[in-house]
Amino acid sequence: MVNKGMPAASHQVWLSCKAQHGMFSSERAVEIDLDGKTISLFADESLIKEYLGNKYLLVTLIGDNGEPEHKTVLLPSECFETGWRWLSIPERMLKKAA
Amino acid sequence: MVLSNVDIVKALKDGAFKIEGLEYSEPSEKPFNTSAVDLRLGNEVTVPFSDVPVQLDLRKGNIAKLWAMHSKQITITEDQPFVLKQNQFVLANTFEKVSFPLTPDAQCYSARVEGKSSLARCEVLIHFTAPTIHSGWYGPITLEMMNLGPMEFLLFPKMYICQLIVEEVSGCPADAPNQFKGQKSPAGQVTPKSAETRASEK
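Taken in sequence, the protein lines are chains A and B. First residue of the first sequence: 1, per our numbering; consecutive thereafter. First residue of the second sequence: 1, per our numbering; consecutive thereafter.
Keep in mind the hints are simulated off the structure, nothing from the lab. Computed from a predicted model, the values in this text were never measured in an experiment. Where hints are given, some of them may not hold.
Every beta carbon over 12 Å from chain A, so not counted as near; a handful from chain B, in silico [to be verified]:
#1 5
#2 12
#3 31
#4 86
#5 112
#6 117
#7 124
#8 151
#9 156
Straight-line alpha carbon distances no greater than 30 Å define the calculated DSS-like cross-link-like pairs of lysine-lysine that follow [to be verified]:
#10 49/A x 18/B
#11 72/B x 49/A
#12 30/B x 49/A
For each residue, glycine too, the CB sits at the ideal point set by N, CA and C.
Okay, chain A solo, but in the shape it has when bound (with noise of 0.2 Å):
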């Protein structure tokens, strides 16, 4: 079977975060700020780069999600806070993954 329309690798965007050291050497603990309220995930190492000292997690752009300047992502792993891998993103916290 062969599913149509899905998000391919080139979807992939860099989503500004921060992350320290997880629970596992390959592990990273990844805390986004929404507007001041903080969600985290665990996420494997290699998904997180640095650039000019800011942090990014590798993620699914998804699309529009009708909120103005928005962008739903899926995320690598469900966080602790919402218990879900889909998330409303500003725009601006995005970055195109090469």
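Chain B: place on chain A using the hints.
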């Protein structure tokens, strides 16, 4: 539909999903069962502190940081295995890293991690409550382990610890963003990597 050992090998060779670090030759040999593939224990065991005077409130935020701060990582070796005591809970992860990508115009897969009957007879839980490896996952699989048996149980690196059951995902997990439909390569916004490259070229 659960993949057979033969179909798992075929999908691995086709690159439909990846299990990094998996050592195999034939689907009729270890680490395959007829409808699963066994994975090995990594070389770290994480022990959450048991005496933290905190009430967990998931609404407060920074839960990942809290857990990272209140746990101890232990590296295990052949000579120094971890002794899982009676009723002790630890986290561990698999030696292998798995990747179940969200791919366009192709079959997507997900998986479930399950214990092994040999360890179940020893009354060792390998996971509880969260066996699903969703489409889009990349990384090692975290195991929530507990010893319910009457004896201590030794955890060695690279011992076969769990089995992975791979399934086809029917339908689309998500629609593609409109602005990227039909686009083969990214363009437009600055990427961390490309900007970095440009800076180094100056």
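Verification of the supplied hints:
no.: 1; hint: 5; in the structure: 21 Å, holds
no.: 2; hint: 12; in the structure: 18 Å, holds
no.: 3; hint: 31; in the structure: 21 Å, holds
no.: 4; hint: 86; in the structure: 23 Å, holds
no.: 5; hint: 112; in the structure: 16 Å, holds
no.: 6; hint: 117; in the structure: 27 Å, holds
no.: 7; hint: 124; in the structure: 20 Å, holds
no.: 8; hint: 151; in the structure: 26 Å, holds
no.: 9; hint: 156; in the structure: 17 Å, holds
no.: 10; hint: 49/A x 18/B; in the structure: 22 Å, holds
no.: 11; hint: 72/B x 49/A; in the structure: 25 Å, holds
no.: 12; hint: 30/B x 49/A; in the structure: 36 Å, violated
Hint compliance for this structure: hint 12 is the single one not met.
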